[in-house]
Structure formats: structure tokens, C-alpha cells
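Given the coordinates of chain E, work out where chain A should sit on it, guided by the hints.
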Amino acid sequence: MHKIFTRSLVSSLVFFFTLTVSAVAKDVKAAFVYIGPTGDHGWTYQHDVGRKAVEAAGYKTTYVEGVPESADAERVLRQLANSGHDVIFTTSFGYMNPTNKVAKEFPNVKFEHATGYKREHPNVSTYAARFYEGRAILGTIAGSMTKSNVIGYVASFPIPEVIRGINSFTLAAQKVNPNIKTKIVWAFTWYDPGKESEAAKALIDQGADIIAQHTDSTAIVQIAEKAGVYAFGQASDMDKFAPKAVLTSVENNWGPYYVDRVKAVANGTWSQKDTWHGIGDGMVVISDLDSAIPSDLQAKVKKLQADLASGKVHAFTGPIYDQKGGLMVAEGKTADDGMLAGMMTYVKGVEGDIPK
Amino acid sequence: MKLLQKNLVCLWEEEKLIKIVKRNQPSRAIFFLTPVLAIFLTLFAGGLIFYILGFKPFEALKFFFIVPIADMYGLSELLLKATPLCLIAIGLSFCFKSNNWNIGAEGQLTFGAIVSGGVALLFYNQEGFYILPIVILAGAIGGMLYASIPAILKTYFNTNEILVSLMLVYVSKLILDYLVVGPWSNPEGFNFPETRQFSYSARLPLLFEGLRIHAGIFLALAAVVVSWFIFYKTYLGFQMKVSGFSLKTAKYAGYKGKKMIILVFLISGACAGLAGVGEITGPIGQLHREVSPDYGFTAIIVAFLGRLHPVGIIFASLIVAITYLGAETAQIFMQIPKYTGQVFQGMILFFLLASDYLLFFKIKFTGLKK
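Protein chains in written order, with our numbering: chain E, 1155 to 1510; chain A, 7 to 376.
Chain A extracted, bound-state conformation:
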């Protein structure tokens, strides 16, 4: 790869038309501009794909990105979809900033949902103000417990956290399967794989009558504020940043690496667990096999698109959320296959990674000189 890059630069240098020059320092402006560039490239490529498929590109893009949020209900659905993505991505940014590659947020979400769902089922048919806080707390603890597995294995046994956290996703889904098929299945439900509906007191309150957006959004907003404070105002945030740049430097500075690794995994797990709580005590109201449509994986795109910055993540979660809603609208009104939503998510990540090239290299137009 490096050789290829060198050759490419050489080739152009001989022509003296375009020069690709390595930057001395990554450009800060470009750092925050590339996500915007990636989104525009995605829109352009998306329009092109629609055109090739035989749809009117502008109409298709309108149904994808404007129609779904053209009313209050649509906005509420957008926030409902963005809430878990934002929450998980905030948690993941703690890990990613400090060079810990937690890929298993989906598993932490699922386990958080299992633990909080179990507690909610314990309070089945009971009402009381104390139930919801316990259920929420249980979800956070569940997520933390599950995230602590890859963290502890990494710090004490030197395992690869990417593999461990990823594999644990499938374990958590199997545990959920087992519980809803077997011991926790609704006794009046003809053995279908779902639990009873949670009692009213175990449900997150709705913010507006008739809309699905629920109090879980405050958890996401709180996570944004707290993470901003930790990242930029605390010693821990500084330690994370240094470890992210260079583990050796962090070691040299005497930071206690192990403690930090475990801490960022716990934070990340708690956020993912809370996202799981938001789903099951919010719009779903029970446990079944499909608690999350892979929010934990999509949130990885969100975290990077938001440049691991709390404010960036808010915007990124809204943009990715709309690709879900838009895919449904586009299929209902234009018969465009719904899976194009995933194509859009993939393209955003692809263009973002591709345009990161501009962080380290700049293109110079020199003109033909002989």
C-alpha cells in the first residue's frame, strides 16, 4: 500500500500537473469538514444509484431525507431512532478515543436489555414510582457487566478486545433467545418467543401524547453533556487522549493503563445498556428476540462520523437515523428496495474513511511546467 502511494505521487510529480503533498500536521479544519464532505458524496452517489435503478434521483432523495421528517410525528420518530444511536456512540467514543476497540456494543445493549427486562418482569403487575429507576439502573449495570468481560480479558490476559467483544454479541443474543423462548416466555402467549408486557410503572414516560418519543432522550442528552465535560475538562479525558495518540507515551507519563481501559469499557457498556433499556421500556414494552435492529453496530458509524466529539455525534446520529426512516418512506411511496438504507449507511462510512486521506495529504495543482 505504501509503495503504491509513493509510486502514485511520483507519477504525478513527473507530470507536474497535480502534486500530492504530505501535510506536516493533520488539518483541524479538514478534520471537521470531511464528515460533511462524506455526506455530500453519499448524497451524490445515492442519487446516481437511484438514477441507474431508474428512479428520479431528486424525487428519491426527497422521499429519503425530507418527507420522513416533514411533520411532528416524523420528527418524533427521528429522535426516537437517533436516541439509542447517540447514546451508544457517546459510550463508544470513550473507548475509541483511548485506543480501545469495543465492537460489541450490540451485545452490551442486549445484555442490558436482558437484565433490565428481567427486573421489569419481577415487577409485573405492580405499580410504583421506584420501579422505573431500578429498571434503568439494572440496564446500565447489565451493560457494564457485559463490557467488563472484554476489558478484564484485555488487561489481565492480553486478549484482543475486538474479537472478544464481537463474539460476545452472539452470546448475548443466544442468552436472550433462550430466555424469551423458555423461562421468561409469556405463560399466556402460546409459547411464542416473547415475554409479558411490562407494567406501566416500568415504562419510560412519553413526552407528548400520540408521539412515541420518550424520556429516554434525556439519558442521551445527559450522556452528551457528561462526556463533553469528561473529554475536555478532566484529567481522565486528557489521559484518554494521550493513550489514543500513543500508548507508549501514556506509559512513559505513568498513567495507569489498566484502570483506564476497564473504566472506558464500563462507561461504554453502561451507555449501550441504557440504550437497550430505552428500547424495551420505551416503544417495545416487553422483551422479545429482536430488541435492536443492530443499533450497536450502526453506532460505530455514528461515532466516527461524529469524529468522536459529543456534538458531532448528535448530528451524526440524526443523519444516520434518517437513513432508516427514509428507506421505509422511499419503499412505501416509490417502491425503492428498503435495503438501500443500509447502502447509504455503508457509503457514509466508506466516503468518510476515504476522505480521511485528505487529513494527511493535500493536493496541489501546479499546472504544466516544462
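With the rest of the complex left out, here is chain E:
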């Protein structure tokens, strides 16, 4: 501990003259910056599970939780880069500009930014998961199990990531049940149990008997449990919070990627990448299916999961139409990554407009 302290002092002193202090590290040290508390049982919790996998692989790790996306993010990043960390994972979109800014000052430290699109310097990589593949599975289950044909969906922010999830979910549900409608409530938050609960209640009042979510707290599945409707867990396996309501969860599994990247830093083989992994690479994991799902549907879901993993089935396979009936993807074609990355229109079957 004392050694680290002296080292940070020394490196701070020579901060403006040389930025190479951390480059001579033999033991690779990884740092993680979290937006929320490690106990949120959602987004941050899963990143921390990934961090623990890095520890288990024999590397030292550090984390800072609850770092706001305000001016504070830059200070935390600089402090981590300046105190002997070789690779820094910044796990929220709002860290994008600070990450690139600090990366410029520390060319020998590697930066990995989750869910962003800016890689302004060679030492910045970005990574994200193809959660929409998991949502196709949820849609298949929801479309088969709904009785009211109204499915509720609590969404966070109208960004391509979330729109893509809604579309993938709705397309899969329509495939098994053409009559379904997806009703969206925008919570305009990633994590706010109060707001998320209100949104879920509103959807249940509107006749939804299955609630999907693209926000991170466990509030929604708990509301569903009380109201006697079904729900899906987000980010982590939320079954224990609502054993009856949760049919399955889409888990974010960052561990393999984190171990991989930290190893690459240790071996000197790290290079800039833009990673977008799905079920096939194990970054998106489907939790155990609940016994409420009939066995024939379970078999169907398992097959879809295997086909999505092998690439035999793509979640966005044409023909896909937008809300007004315009063709988005032609029959036999699949949506390319460019289209997916910028997706800002609802497909047919989603109710309402995207907030502008």
C-alpha cells in the first residue's frame, strides 16, 4: 500500500514531464469505473462480477463506484491512470468524452469504454453487447405466453440501443403471435426504482400481462410479482427477487471479455477494437427458464438460442416494416450493423412515437 502511495506521489510530481510511469508495470493492474453502486443487482453489479473474474484470473483490480458523469469522471480517470493502472474500463456511456480526453494524456494506459462510439486515440477501445439477441428470446416467450396480447415495455432513453431492443423484442413476439402490441413507457432513467415502478404499474393498468424492461432496478419484477403478471429480469438473474413473475433474465456477462482484454494488455497484444458480442460469444446469457414456460416453448426457445448463437438466425431478418408500413429490411435480407447502430424507428406493432 505504501509503495503504491509513494509511486502515485512520484508519478504525480513528474506528471507534466513524463507520462510513462505506469508503462513499466510488470503486474498488470486493471481499474473499473462504475456509474452506480456495486449492489444495484443490475448494470454495475454485472460489471463487478466481470471484475471479479479478472481477479480470479490472477490480476489486480481496483474499482470506483458511483462516479457521476459530471466533471468528476475526468478526475477519477486521471487519478486511476496516474496511479499505476494499465487498463481502465469505463462502464457508462457518459464517460465517453472524459475517457477520450484522459486517454490522450496517458498514451501508455489502455482505455476500454462501454457502449460508446468515440475512439479518438489508439489507446481507446469500445465494447458493447448485442442485447437485442437476448430480447428476441424474451419476445418469443412473451408472444407465446400473453393472453391479453398487450405486452408492456419500460424503456430508459430513446437511443438506438433501446429502440433496437424494443424492435427485436416485438419482431420475435410477432413471429409467434401476429396480434400482439408492445406498449412503451419511457422512464427517462437507467436506475430509479420509484419511476420504474410507476411505469410498470401504468402498463399493467393498460392491460399488459407481461412486462419487459430496459432499466436496471429490480423494482419492475417486484411490481409484476405483486400484480400477478409475468416479467423478465434485466442485466442479472432477477429470479430471486420475483420467483413467480420472472420467466427468465437476459444477463450481461462481461467476465470473459474483461479477462481477455486484461490478458492482452499483459501479453502486449492489446490493440484498438470495437467489440460487439452477443449470445454466440457468451457476452449475452439467458438465465434458466422458469417452469411456468410450457415444455414445447422451452424447446423452441432453446433452439432459437442455439441458432442465434451460431448465426443461423438473425434477430433482424426481413421482411421488416416500420410503423407506417414502409419497408425497412427486404425479405431474405438481414439488417447490417450500421443500420442496427443507428436504429431510430419503431417497427410495425410497437405503439406510440419515439419521444423527440
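Each hint can be trusted.
Selected chain E positions facing chain A (Cβ under 7 Å, derived; list incomplete):
| hint | residue |
| --- | --- |
| 1 | G1220 |
| 2 | E1223 |
| 3 | F1342 |
If you want the ones that stay clear, here's a sample from chain E, every Cβ over 12 Å from chain A, calculated:
| hint | residue |
| --- | --- |
| 4 | I1358 |
| 5 | V1413 |
| 6 | L1443 |
| 7 | T1488 |
Simulated pairs of lysine-lysine, DSS-like, Cα-Cα distance not exceeding 30 Å:
| hint | chain 1 | residue 1 | chain 2 | residue 2 |
| --- | --- | --- | --- | --- |
| 8 | A | K62 | E | K1183 |
| 9 | A | K264 | A | K247 |
| 10 | E | K1183 | A | K68 |
Quick caveat, the hints were computed from the structure, so don't treat them as lab data.
The beta-carbon is built from N, C-alpha and C at its ideal position, and this holds for glycine as well.
Only chain A this time, still in chain E's reference frame:
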């Protein structure tokens, strides 16, 4: 509560060991000493908490309060953090001194940031020396406009300014949310909730190459000097003081209460708005959903810790600022949860309020006499 206090005093009086005696007049020395006492109690309690959590208390306190400011960069970060706290707390002291409970500085900060950010976006891709002053002025006006709502409602409709100003905080955050998600979002930004980066001319200049401390600190220092002058050298300052002690006396003396209420709210709002400008045109450089990590609320602690005195507020803002930095350092080097920073802020306020008891009561050790 009063009954309990009376009983307590009685109990001790019978024992004749310790006597708690009401002071005839609040002690002036104690008035300025209690904040220091509160800080020491906080350090002690903090060390105790670290010990219970299984950390070495002195090492933890060192990482909390010394390591973060052990170099130039750390000092610059300290000043960067203290600047908005000081600025807002100075503004709040105008309100608090005159018995106006403006709890909504966070909202005034946010609205100031919205207005100045909007102006900065108007000048997107333009350069010119005139841009920054306009942007700064816009922020002050934004804060004043927003603070005028609780002020006007209080003076003309007798509403409770605590509630109104507090609720308006959430309104301002929703307005900001709406703007950065919708009309003001960066057209090249894939609809993520943030605006474009401001042009160079709309940014506060940095004071030193490589450090983040910016010219916004001069706004805070100017506020300190001006407020000191107003508090102690002007008729307005005297009026505020009298109203703070007793509204009835102020009325009897013929002071125009309404005018003063609106004025102190406007000053307070301008300061909070300027703090918002400092954040977005300083280190952030754009508008997004998280302009301030609740500076407006933390500044309330700062104002009281500084005893509503401009010089006291400078020290208080530095002390509270270090709890933010220390929490990060302690987590990086010792894996102490970062939220302990908030525990420290809470403890400072708690001990300060608790030790205020000594302002009005003194403890006498009388020994056992039979």
C-alpha cells in the same frame, strides 16, 4: 423536547455533578469555534467508522484528507470542486441571513446552466471575445429568473419558499432532460442525451496548462468580497441581519420586507446560476443530464458550516470539497466504499447542529457537594 431538556437539567442539578446553565447571550467565541469542533468530531467519528469497518483509521484518514491534495494537480482539483460550492453558499447566505429558506439552489444552478448552455450552443462553431461574457451573463440571469419564482410566490401569495424552491429543483432537472434528449441533442451523437461541445470561445479559460482549475474561481472570489461588503458595510446588510433576528422588528423599523426578499433570492439565484456556468463552460464543455453532483444541496451544508460568513464559507467549501476527493482516493487505494464521502458530509452537518447546543447552554462542573 423542551420538557425533556428541563428534566435533564433537573436531574443533573439534583446530582450536583454537572450543571447545564442557559447562557444569557450566545457566546461569540463559541459561535466560530463550534464548526471547528464539529470537524474534529467528524474526523474522530470517521476514524471510528473506518476502524469498525476493518480499516486502519489513521491510514484511511490520510488517504481521505491528505493524499488527494498532496500535489499541484490535487490542489487544482480541490479548488475546482470548492468553486461552485463556495459560490452557491455565498448566495445562499444572503437568503439564510434574512430568514429566507432557499433550498432550491440546485434548481437555480441547473436553470442557469440551461440558459447559458443554450446561448453557448447558439454560438456553436463561432469564435469571438464577446461570446464568453454573454454566456456567463445568461447563466446569472437564468439563475435569477428561476429564483424569482419562489420569491414572488412567497411575497405575493404567501407560499412556503422551502417547498416551492425544493420542488422546482426537480422541474429544472426535467427541463434539462427534455432539452438534451430532444431539441438540443447533438445531431451527430446517435441520439444520446448530450449536446454538442461548446466552441472554444464559450469556454472559461484554464489558469494553468494541464490543470483543470479555470477562471470561474475569480467569480467565486468576487462573490466573497462583494458579499462581505454588503453584509457588513451597507444598509441592506443591516436590514437583512435585523430581519434574520426578528421579522417583527424589521416590520416595526419600517423595512420594505418584500423588496428585500426578492432581492436576496435574486442574488442567491445569480450565484447558483454562475456556479452552473462554471461547470458547463469549465470542465464539462457541453450540456448533459448530470451537470452537477448536487452541489446546490451540498452548498447548504457549506453555508452553515461557514456560519454564513464569507470567509468562513471559503474554508467550509474547501473542507467539504475534500470529502469528495478523499472518497475517491480512499476507494482507489484502500477499497473503502466511495459513499463514505457522503457520510462525512452528513456527519459534519450533524455535529455542527448538535454542537450549536453549546451556543445557548454552558456546562458547569460543580463537583459533588452534600
